[in-house]
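Next come the chains, spelled out residue by residue.
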Amino acid sequence: AQKVTQAQTEISVVEKEDVTLDCVYETRDTTYYLFWYKQPPSGELVFLIRRNSFDEQNEISGRYSWNFQKSTSSFNFTITASQVVDSAVYFCALKAAGNKLTFGGGTRVLVKP
Amino acid sequence: EAGVAQSPRYKIIEKRQSVAFWCNPISGHATLYWYQQILGQGPKLLIQFQNNGVVDDSQLPKDRFSAERLKGVDSTLKIQPAKLEDSAVYLCASSSVRMATRADTQYFGPGTRLTVL
Chain A
1 AQKVTQAQTE
11 ISVVEKEDVT
21 LDCVYETRDT
31 TYYLFWYKQP
41 PSGELVFLIR
51 RNSFDEQNEI
61 SGRYSWNFQK
71 STSSFNFTIT
81 ASQVVDSAVY
91 FCALKAAGNK
101 LTFGGGTRVL
111 VKP
Chain R
1 EAGVAQSPRY
11 KIIEKRQSVA
21 FWCNPISGHA
31 TLYWYQQILG
41 QGPKLLIQFQ
51 NNGVVDDSQL
61 PKDRFSAERL
71 KGVDSTLKIQ
81 PAKLEDSAVY
91 LCASSSVRMA
101 TRADTQYFGP
111 GTRLTVL
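Protein chains in written order, with my numbering: chain A, 1 to 113; chain R, 1 to 117.
It is possible that part of the hints are untrue.
Selected chain R positions facing chain A (in silico; Cβ < 8 Å) [as the list claims (entries may be wrong)]:
1. P43
2. V89
3. F108
Which chain A residues stay away from chain R? Per the calculated CB distances, all over 10 Å, these [what the hints assert, rightly or not]:
4. V19
5. T20
6. F35
7. L45
8. E56
9. K70
10. S71
11. N76
12. A81
13. L101
14. K112
15. P113
Just so you know, these hints were derived from the structure itself, not from any lab. Beta carbons: idealized from backbone N, C-alpha and C, even for Gly.
This is chain A alone, in the form it adopts within the complex:
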């Protein structure tokens, strides 16, 4: 069975602070893919990143960075110097056997000016 846990339901920060979103996953498969999506108030899920299980290199894209640690089954997401436009719900997701995308419960990020 596949499972994704996002323990933080809501995080509130002041603009320019860094914020890290935790994601822990469970799967018995050795080949799997991990995703992060952003869901702003408009409702659309916006794709941010895809990472396969054989690539443990961290990735940075602008103010976004991702830390994949297979040893702890975690795929954490950090927003550096947060901005009000970063306010959204962020979902971590896993795709393994069965090719079904399994989402975590999401973390709501509120960035205050």
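Following the hints, put chain R in place on chain A, whose structure we already have.
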């Protein structure tokens, strides 16, 4: 490139009524998905199409939900009759690969917010 289109954006109905949602995937995308997202939760897959064939509908409540994808492009999702617990956002997504694999990335539409009174 245009994204996934969905309509309507909002719908309010009374219980036992019927409702239909429409989705137009990204041009050329062979795989189409319908998800249900209840408030405060992550999306849950209802049905997956590969071209106009159903790949996975194991979590679709078939006594009241139905979906079709004629001609392998647009898709409609119908609920008949609706229940209070069907209140949710219904998201459509598409991906470009011919055969869905673990690697394919799904791109989502804006969703339809359904309220059942």
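Cross-check of the supplied hints:
The restraint placing R/P43 at the interface with chain A holds, with a minimum CB-CB distance near 5 Å, inside the 8 Å limit. Because the beta carbon of R/V89 sits about 6 Å from the nearest beta carbon in chain A, less than 8 Å, this interface hint is met. Given the 8 Å rule on beta carbons, the hint for R/F108 holds: about 4 Å separates it from the nearest Cβ of chain A. For A/V19, the non-interface assignment is confirmed: its Cβ lies about 19 Å from the closest Cβ of chain R, beyond the 10 Å cut-off.
Every CB of chain R is more than 10 Å from the CB of A/T20 (nearest about 19 Å), matching its label as outside the interface. Its closest Cβ contact with chain R, about 7 Å, brings A/F35 to no more than 10 Å, contrary to its assignment away from the interface. Remark: the non-interface label on A/L45 conflicts with the geometry, its nearest Cβ contact in chain R lying 4 Å away (cut-off 10 Å). The claim that A/E56 is not at the interface with chain R holds, since no C-beta of that chain comes within 10 Å of its own (minimum 17 Å).
For A/K70, the non-interface assignment is confirmed: its Cβ lies about 16 Å from the closest Cβ of chain R, beyond the 10 Å cut-off. Its beta-carbon lying about 21 Å from the closest one in chain R, A/S71 satisfies the requirement of being farther than 10 Å from that chain. The non-interface label for A/N76 is consistent with chain R: the shortest C-beta to C-beta separation is roughly 17 Å, beyond 10 Å. Distance check on A/A81: its Cβ is at least 27 Å (rounded) from any Cβ of chain R, clearing the 10 Å threshold; non-interface status holds.
Taking the minimum C-beta to C-beta distance to chain R, about 6 Å, the non-interface status of A/L101 is violated against the 10 Å cut. Separation of A/K112 from chain R is adequate, the least Cβ-Cβ distance of about 21 Å exceeding the 10 Å criterion. Annotated as non-interface, A/P113 keeps its C-beta farther than 10 Å from every C-beta of chain R; the closest such distance is 25 Å.
Hints 6, 7, 13, counting from the list given before, are not met by this structure.
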